[in-house]
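As you go down the protein sequences, you meet chains F and Y in turn. If you read the first sequence in the working numbering, its first letter stands for residue 141, the second for the next number, and so on. If you read the second sequence in the working numbering, its first letter stands for residue 125, the second for the next number, and so on.
Hints in this document: simulated from the structure, not taken from any laboratory. As the structure is a prediction and not an experimental result, all values here were calculated from the model. Among these hints, one or two may not hold up.
Just some of the chain Y residues that point at chain F, by a computed CB distance under 10 angstroms [unchecked claim]: (1) Gly204; (2) Ala207; (3) Lys208; (4) Gly246; (5) Asp247; (6) Val280; (7) Ala286; (8) Leu287; (9) Thr298; (10) Gly300.
Per label pair, the in silico range of CB-to-CB distance [what the hints assert, rightly or not]: (11) F:Ile168 - Y:Asp260: 35 to 43 angstroms; (12) F:Ile168 - Y:Ser171: 15 to 23 angstroms; (13) Y:Glu187 - F:Phe181: 38 to 46 angstroms; (14) Y:Glu237 - F:Gly167: 38 to 46 angstroms; (15) Y:Val276 - F:Trp193: 34 to 42 angstroms.
C-beta atoms are modelled at their ideal positions from N, C-alpha and C, and glycine is treated no differently.
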Amino acid sequence: MRGRPILGVISGFFFGIFLALTLFLYGIIPLESWLMVALPFIGIILGLVMAAWAPFGRSKSKSGTAPPEEPAGA
Amino acid sequence: MGLLTALTAVFIAVLAAPASAELKAGECSGSATFTDGTVIDQTTPESTVIVVPREDTVRYAGEAKRAAADADKEIGFSGGVAAKIGPVWVGITGWSGNAQPGEDSASGSYTYEVPGIVPGTGDIKVRANHKHGSADECVGVWTVRLDGGPGVVGIVAAAGTALFGVILLSAGITKGVKPS
Chain F
141 MRGRPILGVI
151 SGFFFGIFLA
161 LTLFLYGIIP
171 LESWLMVALP
181 FIGIILGLVM
191 AAWAPFGRSK
201 SKSGTAPPEE
211 PAGA
Chain Y
125 MGLLTALTAV
135 FIAVLAAPAS
145 AELKAGECSG
155 SATFTDGTVI
165 DQTTPESTVI
175 VVPREDTVRY
185 AGEAKRAAAD
195 ADKEIGFSGG
205 VAAKIGPVWV
215 GITGWSGNAQ
225 PGEDSASGSY
235 TYEVPGIVPG
245 TGDIKVRANH
255 KHGSADECVG
265 VWTVRLDGGP
275 GVVGIVAAAG
285 TALFGVILLS
295 AGITKGVKPS
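This is chain F alone, in the form it adopts within the complex:
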């Protein structure tokens, strides 16, 4: 993985917990909703996806997609 999978798993887990708590406290989902249990695990998966995808901080030279430089004076 090009990103940070451990950071993704930990932050995704807590993101899911806080999101579930927020949705419950604001009356959006009931405590018995399956989302209360599922959101932390969905967060873990999101963290792993982010780490695998790693869309931020890619250098153009590494990806090989950088366009050729324009000739000087053009």
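Fit chain Y to the known structure of chain F by using the hints.
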């Protein structure tokens, strides 16, 4: 703890006498009456959302029926209250003891006050059960929510969501990339 105390008081009141819940099994009866006139009893539908005041004095009354074989002897009883979190019932409190013949009902009042730090909640499915000797177990299920808004806890939860959301996004920063 304040919320648990309040909920426990209401549930015990329903099973031991007063409250509001739909009886799913057994032959118990009971009711709980809040000072605003809200009455909960064994006929209250599970779909009815009971808003529990943050402070109140609840009048309760309840009765459990004995099996014929237990009519003239001391029996044991037990019960408890659980809340449903996702698909799982999580126990909140329980009770147990012995009852002499004739000790099959209870009534009274219970005063409670939920601390201000405890937030109001969304809907909570609650189940209470009571086993009285060899009689069929009484089981009631109903839906409650604690009065009040999300408060400080809600703000902290929302802030935590935002914070860990940002950290989650940072997991997508490519490792070892240094600016050239």
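Point to revise | Interface restraint verdict for valine 280 of chain Y against chain F (beta-carbon cut-off 10 angstroms) | key: Because about 9 angstroms separates valine 280 of chain Y from the closest Cβ in chain F, which is inside the 10 angstroms limit, the hint holds.
Point to revise | Interface hint for lysine 208 of chain Y, Cβ within 10 angstroms of any Cβ on chain F | key: holds, 4 angstroms
Check your understanding: Should the hint that alanine 286 of chain Y touches chain F count as held when the rule is a Cβ pair under 10 angstroms?
Key -> Holds: closest Cβ of chain F sits about 9 angstroms from alanine 286 of chain Y, inside 10 angstroms.
Check your understanding: Measuring from the C-beta of alanine 207 of chain Y to each C-beta in chain F, is the shortest one below 10 angstroms?
Key -> holds, 6 angstroms
Exercise for review: Determine whether the Cβ-Cβ distance between glutamate 187 of chain Y and phenylalanine 181 of chain F falls within the hinted range of 38 to 46 angstroms.
Suggested key: Because 44 angstroms falls inside the window, the suggested range holds.
Check your understanding: Given a hinted range of 34 to 42 angstroms, is it respected by the beta-carbon distance of valine 276 of chain Y and tryptophan 193 of chain F?
Key -> holds, 36 angstroms
Practice item. Would you check whether glycine 204 of chain Y satisfies its interface hint, that is, whether its CB is within less than 10 angstroms of any CB in chain F? Key: With a closest approach of 17 angstroms, the glycine 204 of chain Y hint is violated.
Review point. Is it true that isoleucine 168 of chain F and aspartate 260 of chain Y lie within 35 to 43 angstroms of each other by Cβ?
Key: holds, 38 angstroms
**Study point:** Range hint 15 to 23 angstroms (beta carbons of isoleucine 168 of chain F and serine 171 of chain Y) holds or violated
**Key:** This hint holds: roughly 18 angstroms between Cβ atoms.
Review point. Minimum Cβ distance from aspartate 247 of chain Y to chain F below 10 angstroms?
Key: Status holds, d = 4 angstroms.
Practice item. Classify the hint on glycine 300 of chain Y as holds or violated, based on whether any CB of chain F lies nearer than 10 angstroms to its CB. Key: holds, 8 angstroms
Review point. Holds or violated: leucine 287 of chain Y as interface residue toward chain F, Cβ cutoff 10 angstroms?
Key: holds, 8 angstroms
Hints 1 and 14 from the list above are not met by this structure, while the remaining hints are.
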